[in-house]
Structures are given as C-alpha cells and as structure tokens.
Amino acid sequence: MEAIDPGVFNLIIFVLAIFVGYYVVWSVTPALHTPLMSVTNAISSVIIVGALIAAGAASGFATVLGFIAVILAAVNIFGGFAVTQRMLAMFKKRG
Amino acid sequence: MSMNLAAIGYLVAAVCFILALRGLSHPATSQAGLRYGMGGMALAIVVSLMVLPDPSFLAYLLIIVGLAAGGTVGYVIAKKIEMTAMPQLIAGFHSLVGLAAVLVAAAAFLNPVDFGLVKADGSIKLLSLFEMGLGTIIGAITFTGSIIAFGKLQAKLPPAIESRLGALKGPVTKAMSSKPIMLPHRHVLNVAIAVVTLLLLAAFVSGESGFAFFLMTLLAFALGVLLIIPIGGADMPVVISMLNSYSGWAAAGIGFTLQNPMLIITGALVGSSGAILSYIMCKAMNRSFISVILGGFGETGAVAADDGDKTVKAGSAEDASFIMENAQSVIIVPGYGMAVAQAQHAVRELYDVLTNKGVEVRFAIHPVAGRMPGHMNVLLAEANIPYDVVFEMEDINSDFQQADVAYVIGANDITNPAAKNDPQSPIFGMPVLDVDKAKAVFFVKRSMAAGYAGIENTLFYTPNTMMLFGDAKKMTEEIVKAIE
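The listed protein sequences derive, respectively, from chains A and B. Its first residue numbered 1, the first sequence is counted upward by one per residue in the working numbering. Its first residue numbered 1, the second sequence is counted upward by one per residue in the working numbering.
FYI, nobody ran anything at the bench for these hints, they're computed from the structure. Note that beta-carbon positions come from the ideal geometry of N, C-alpha and C, so glycine has one too. Among these hints, one or two may not hold up.
Short, incomplete list of chain B residues facing chain A, as computed with Cβ under 7 Å [stated by the list, open to error]:
1. T29
2. A69
3. P423
4. P426
Residues on chain B that point at chain A, a partial pick, calculated with CB under 7 Å [to be verified]:
5. L67
6. L103
7. F115
8. P230
9. S288
10. F289
11. E477
Chain A on its own, in the form it takes in the complex (with noise of 0.2 Å):
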C-alpha cells in the first residue's frame, strides 16, 4: 500500500478544525461576540510563524517581505491580546 502524502493528512486536520471551531464557537455567549472576533484575529496572527521563517532568512527581497509581516502581525498579536484583555476586564457581575 502506498503512503498517504501529507498534503491530504493536512486537509484532514483541517475539516476536523472546522467542527472543533463550529462547536467552540456556538458555545460562546453572544455578550462575548466583540471579544470573541478580536481574539480571532489575535490568534490568526499566528501567520507570524511564515513570517519568521522568510525574515530569518538571508535571501533579498524575500527577507524584507518577511520583515514587514512580522511587523503587521506583531501590531495584530499586541493589539488584539491588549484590546480583549481591556474588553473582557470590563465585564463585572452585580455587586
């Protein structure tokens, strides 16, 4: 039997990640629905992985490139983490 190529276990992980976040995600309570989509793009900032790979490097234009989206995506992880933190602190019980 032939081996499975990865590009298939990939889309694999990937439609199971789509019910894991279907799931999780009508869990949420709607009073949370700012907080839930400024900690989704907090956390797919996580493209910063790519970015670190072509800006470590040595290899011209695409290092730039690399260089910049660290930086968009360092603006979106610092942003996004302060600004649901800041949300999420103002939500107070009665009392």
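Starting from the structure of chain A, add chain B where the hints point.
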C-alpha cells in the same frame, strides 16, 4: 530542536487557542481563556524561532526589532482606542492579517528553499503553488476589503491623510462613505475579475510565473474593494464578521503552504468563527448572506408610507422621569445611536438612580444593535453596567409584556412592529424586540427621520409611545436630573 518536538509544541499552541475561544462561553471564564491564547501565541513564536533554518545573528536582531516595533504600535493603539471605535479597529486589524498573508505567500514564492517547498529538481511543488496562490487571493481580498470597511465605519479620514490624497480625495472619500456605491454592471464586473483571477492562478501554478502571481494579487486587491463598496452601513455587522472569516481562511491557506498543522487549525477556527457570526447577523436581519454580499440595501430609498392620520405624542424629560421612577420594571433598549452620542455613561447613571429607587432595570440587546456583533455589550460593560442585567433578545423578549417602561435609546429598526405585522414592509420577518408590548414606550430620537433601512417605524404612532426628541446623551442626563 527536532521537527517532531516542534510539531508537538505547535499542537500545544493550537490547543491553547481552542481553550481561549472556549473560555468566552462565559464572562467569568473569559480572562483565564485569554491567558491560554497568549501563552499559545508565545509558545508558537518561540518554537518557530528555534527551528529557523540556519539563522544568523543579524536575522534574530531583525526579528526582534520587527516584533518590538509592531508590538509597541499594537499595544499603544489597543490601550488608547475608544470602545465606540471598536468596529473600525477590528476592521483595521483584519486588513493587517490579510496583507501579512499576502507578504508571507510572496516571500515563500521568492524563497521556496527555506520554506521547504522545493522538489528534487529545484522547482516548487504544484500543490504548494496552488495553496500559496489561494492564500494570497483570500489575503488580498481581506486586505483591501477590510480597508474599505474600516473607512465606512470610521466615516471620516484623519485630516493629515486627507490633505495628502490630492486628486484622489474625491474617489477615496466616496469609496469610504457609509452609503453603498452601486457601479453599473457590478455583478458582471466582479464575476469577470474573479474568473480572470482564477485563470491567473492556474497560469501561476502551471508555469510558476511571478508575473501571473503579481497580476493575480493586484486583481484580488481590486476585487476586495469592489465587493465591499456596494454594502451599506446597516449591513456592517455582516461585513465585519465575513472579513473575520476571510482572514481565518487566508491563514489556513498559508498553513497549507507551510505544511504547518497549527496554522491550519487556527485558520479553520477563525474561519468558522467568522462564518458563524455572519450567519447569526444575517438571521437577526432576516436577510440571506447572498443578498448582503450583493449589496445595495438602504439605497432603495425610503418606502412611501401610507399617509393616514397618524399622530405622534411628544414628551419631555420630566414626563419620562415621572413615569420611570414610579415604574416597577424598566427595560432599556440601546442601539448604535447610543454609541454615536457617547451616551453609555449617562445610561449608567439612569440605571443607578432607578435601581436606587427600587426599580428593576434591565437591558435588551438585539443581535444587530450596533455596528458589530456584541458591540452594545462592550459599551455597557465599559460604563460599568453589570453583565447580569444585560439580556439577549431571546431571553428577554417575552418580558416586555410585564414591563412598565421600555426606554429606546439610539435604536430604531430593531424595534419596528411592522416587521411582525406588515407583510408589505421591507423588513417583514426580521426578528425584533417586542418593545410595543410594554405599558409605556419612551423613544429618544433627534427627529422623525427613518432608520438605516430607510423604513418608517410604526412604533412611533402607537398610543403608548411617547417620543423624546433630542440628543440621546442630553435627554438621558435630563431624565436622571429630574429623577434625582
């Protein structure tokens, strides 16, 4: 660090991200969840720094400078931003994710060796090219689309930027206006651009052509603009959720390119999150996703209402305060106008004085109140209103019948009874708050103008409604003063 160990590290990070979203199921667990999210991100960055293919000292220095510069900017913005400006901020952040995705894909194309994408003969794997191209297209649409959405939400550009636009000022301010822009034959145009973009993607994959990649990216940028300009201000909650979703799919596309399961998982989480929010928003407006995307809502013009003998009862702050302080139960219905008038703190004072008088005060939130999902909840929380007196529509709608007073501040279409009983109304079928069932309704409004949907609110003419004409903040402050 071995690649297997790195993969385990990435797996832990992905699980942390899932826990971060899971924590948002309740305000009490949300902050612990967020710490998982931050931890996961830190882990992901550390792991990827440890597995960089032969990095130099200079490379590390460059990365640290980039992280520090971007991080500082992001942190400062996050600390300074007004809560009312949250929708714009989120749209702006989405655009950055989109652009970063495009840049990473371009870098991977220019330097496939370090990304581990080359076959034995030195060419890039076909599948990698396809994934790279797809990630670029989605990222590019997210980038320009989010910029337009940002402009529509911001409504006004900073003067420093505006003065530098020169000849472009006219078109740019127009594109960013909250009014939908309807280009002639826009559907044909959009489909044509989409088809050409996909053909260029095919050319890019088959020929590894940098030129095709470049053109394809440019067209995707154009498509992002064209997709968002016809959508009006009232549909912004859907647009912003949709762009949230796109930024996730773009990240997943990059994850496939980099063969990085953590990125794929994160992209899928974010993508489905945005998709679910879009669905919730569409459902709350009784619109199909397609009709929102096609745009133009709010442009059809005000529907000529039948001119019957309709009388409006207008009242003063004193009238309202007298009835409110003698009420047992008051439900406050906030909308976007409350955010515009910055009236949330005045509302908090109203909540305080009434509660002190023994009146039960609750808040009713419609899913599309405001310009983004959950917008009202954040504003009320900012004004220190406890979250356990703030209720979602489905949890409080049946309580309006027992309420003595409904105080509508800055909301309009979401309270319109025509959505329930007038099949001719453009918003017929949209779920609305049963404000009309309350014994008395106070409706704060600047004038008799129609809401964003351009529809007259029949609530104004019901006998138990009293209009309070004036600025939302001033009116609320006057009521507070009268009660005290």
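Now the hints, each set against the structure:
no., hint, result
1, T29, "violated (10 Å)"
2, A69, "holds (6 Å)"
3, P423, "violated (28 Å)"
4, P426, "violated (25 Å)"
5, L67, "holds (5 Å)"
6, L103, "holds (4 Å)"
7, F115, "holds (6 Å)"
8, P230, "violated (23 Å)"
9, S288, "violated (20 Å)"
10, F289, "violated (16 Å)"
11, E477, "violated (22 Å)"
Of the numbered hints given earlier, the model fails hints 1, 3, 4, 8, 9, 10 and 11; all others are met.
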